Amino acid sequence: MHQLLQLAINACEAACKEILDVYNSGNFQTEAKDDNSPLTLADKKAHNVIVSMLRSSNLPILSEEGKHIAYEERSRWQRFWLVDPLDGTKEFLKRNGEFTVNIALIENQKPVLGVVAIPVNGDVFYAQQGSGAFVKRNGSIILLPRRSPIDLNRVGVKVVASRSHMSDETQAFIQSLADPILVSQGSSLKFMLLAEGNADVYPRFAPTMEWDTAAAHAIVNETGISVLQKDTNDSLIYNKPDLLNPYFICM
87 MHQLLQLAIN ACEAACKEIL DVYNSGNFQT EAKDDNSPLT LADKKAHNVI VSMLRSSNLP
147 ILSEEGKHIA YEERSRWQRF WLVDPLDGTK EFLKRNGEFT VNIALIENQK PVLGVVAIPV
207 NGDVFYAQQG SGAFVKRNGS IILLPRRSPI DLNRVGVKVV ASRSHMSDET QAFIQSLADP
267 ILVSQGSSLK FMLLAEGNAD VYPRFAPTME WDTAAAHAIV NETGISVLQK DTNDSLIYNK
327 PDLLNPYFIC M
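Using my numbering, the first residue of the sequence shown is number 87, and each one after it goes up by one.
Among these hints, one or two may not hold up.
[Unchecked claim] List time: in silico SDA-like cross-link candidates among lysine to any residue, alpha-carbon distance up to 20 Å:
#1 LYS326 <-> LEU125
#2 LYS176 <-> ASN113
#3 LYS326 <-> ILE155
#4 LYS130 <-> LYS180
#5 LYS222 <-> LYS131
#6 LYS131 <-> GLY183
#7 LYS103 <-> LYS180
#8 LYS103 <-> VAL245
#9 LYS176 <-> PRO293
#10 LYS103 <-> LYS131
#11 LYS316 <-> MET252
#12 LYS153 <-> SER123
#13 LYS153 <-> LEU125
#14 LYS222 <-> VAL245
#15 LYS153 <-> SER142
#16 LYS196 <-> ALA100
#17 LYS196 <-> GLU158
#18 LYS119 <-> ASN134
#19 LYS244 <-> GLY310
#20 LYS103 <-> VAL221
#21 LYS119 <-> GLU158
#22 LYS153 <-> ASN134
#23 LYS196 <-> LEU330
#24 LYS153 <-> LEU329
#25 LYS316 <-> TYR333
#26 LYS130 <-> ILE95
#27 LYS326 <-> PHE291
#28 LYS316 <-> PRO332
#29 LYS196 <-> ARG162
#30 LYS131 <-> ILE147
#31 LYS131 <-> ARG162
#32 LYS316 <-> VAL245
Source of the hints: derived by calculation from the structure; they are not laboratory data. Nothing here was measured: the structure is a model prediction, and the numbers come from that model.
All chains, please: the whole structure from these sequences, using the hints.
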């Protein structure tokens, strides 16, 4: 597992370099995908380098920018890589730096390893199941402390919300709290705010896909944070017939 973690970290860092090359050039070569979401040259280059590196593990790879793989085939996978080569393409296009590279290892529908890398500052968050969560920052390795349970009834709960995807249901949740403090971030950085203790709860009552959450899910789990389906309180699971996540709360 440690070798797989190092492979994922290396792949994330290589993808970050590809993304920064495009980001700094200003030549994004943006096109629209079938769902009208944006696709840039950076998405493609990051996907290509990640897949080329992860292939050495001989494990299947499911990437947002890869070819569609039927559930009939995926359902036989007990262990596979789940990749978002550039999470936060809209933030990338806005040039606000709030985008990440996400790589997770899924085993029996659970994220057992995750890496979230931030191209603009070089931070790399990572974790493997049972071994704690860490951030590599400015040449140092920092252990992320375990979080204590949060009381949503107390005053001043710090709530993470998306810059680009604030739903009416999310707004209603925030308004139910006592003088909440709102913290906005793009991409899987929202999870990392909780992992570092800079926020308390992340309600996501808007669509996300499995590759948006899996890597961060593995990391926050190792800090004592859960990612629970809104209507059942069960943990999010992966490699479902439909790769769309249910609404969830991370806290």
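Taking the hints in turn, this is what the structure says about them:
With a CA separation close to 24 Å, the supplied pair LYS326 and LEU125 exceeds the 20 Å bound. Annotation: proposed proximity of LYS176 to ASN113 holds, straight-line Cα distance about 15 Å (limit 20 Å). Only pairs whose Cα atoms come within 20 Å are accepted, and LYS326 paired with ILE155 is accepted, the gap being roughly 12 Å. Of the pairs offered as hints, the one joining LYS130 and LYS180 holds, with about 18 Å between alpha carbons and a cut-off of 20 Å not exceeded.
Using a Cα cut-off of 20 Å, the hinted pair LYS222 and LYS131 is violated, with the two alpha carbons roughly 23 Å apart. At most 20 Å may separate the alpha-carbon atoms for a hinted pair to count; LYS131 and GLY183 meet this at roughly 18 Å. Straight-line distance between C-alpha atoms of LYS103 and LYS180 comes to about 19 Å, which keeps the hinted pair within the 20 Å bound. At roughly 31 Å between alpha-carbon atoms, LYS103 and VAL245 are farther apart than 20 Å, so this suggested pair is violated.
Annotation: proposed proximity of LYS176 to PRO293 holds, straight-line Cα distance about 15 Å (limit 20 Å). With a CA separation close to 10 Å, the supplied pair LYS103 and LYS131 stays within the 20 Å bound. Between LYS316 and MET252 the alpha-carbon distance is near 16 Å, which keeps this suggested pair within the 20 Å criterion. In summary, the hint linking LYS153 to SER123 is supported, as the alpha carbons are separated by about 16 Å, within the 20 Å threshold.
A C-alpha spacing of about 14 Å is found between LYS153 and LEU125, which places the hinted pair at or below 20 Å, so the restraint holds. A distance of roughly 25 Å separates the Cα atoms of LYS222 and VAL245; the hinted pair therefore is violated under the 20 Å criterion. In summary, the hint linking LYS153 to SER142 is supported, as the alpha carbons are separated by about 19 Å, within the 20 Å threshold. Between LYS196 and ALA100 the CA atoms are separated by roughly 25 Å; this puts the pair beyond 20 Å, and the hint is violated.
About 19 Å separates the Cα atoms of LYS196 and GLU158, which keeps this hinted pair within 20 Å; it holds. The straight-line distance between the Cα atoms of LYS119 and ASN134 is roughly 17 Å, inside the 20 Å bound, and the hint therefore holds. A hinted pair counts as satisfied when its Cα atoms are at most 20 Å apart, and LYS244 with GLY310 qualifies at roughly 17 Å. For the given pair, LYS103 sits about 18 Å from VAL221 by alpha-carbon distance, which is consistent with the 20 Å threshold.
Of the pairs offered as hints, the one joining LYS119 and GLU158 is violated, with about 24 Å between alpha carbons and a cut-off of 20 Å exceeded. Distance restraint check for LYS153 and ASN134: the Cα-Cα separation of roughly 12 Å lies within the 20 Å cut-off, and the hinted pair is therefore satisfied. Between LYS196 and LEU330, the direct Cα distance comes to roughly 15 Å. Compliance with the 20 Å bound is thereby established for this hinted pair. About 14 Å separates the Cα atoms of LYS153 and LEU329, which keeps this hinted pair within 20 Å; it holds.
For the suggested pair LYS316 and TYR333, the alpha carbons sit about 6 Å apart, so the restraint of at most 20 Å is met. Proposed proximity of LYS130 and ILE95 is supported: the alpha carbons are some 19 Å apart, at most 20 Å. Among the hinted pairs, LYS326 with PHE291 is consistent with the structure: their alpha-carbon atoms are about 19 Å apart, no more than 20 Å. This hinted pair checks out: LYS316 and PRO332 have alpha carbons roughly 7 Å apart, not beyond 20 Å.
Annotation: proposed proximity of LYS196 to ARG162 holds, straight-line Cα distance about 15 Å (limit 20 Å). Note on LYS131 and ILE147: the hinted pairing holds, with a Cα-Cα distance of about 16 Å set against a maximum of 20 Å. The straight-line distance between the Cα atoms of LYS131 and ARG162 is roughly 28 Å, outside the 20 Å bound, and the hint therefore fails. Between the alpha carbons of LYS316 and VAL245 the distance comes to roughly 16 Å, so the proposed pair stays at or under 20 Å and holds.
In terms of the numbered hints stated before, the structure departs from hints 1, 5, 8, 14, 16, 21, 31, listed from lowest to highest.
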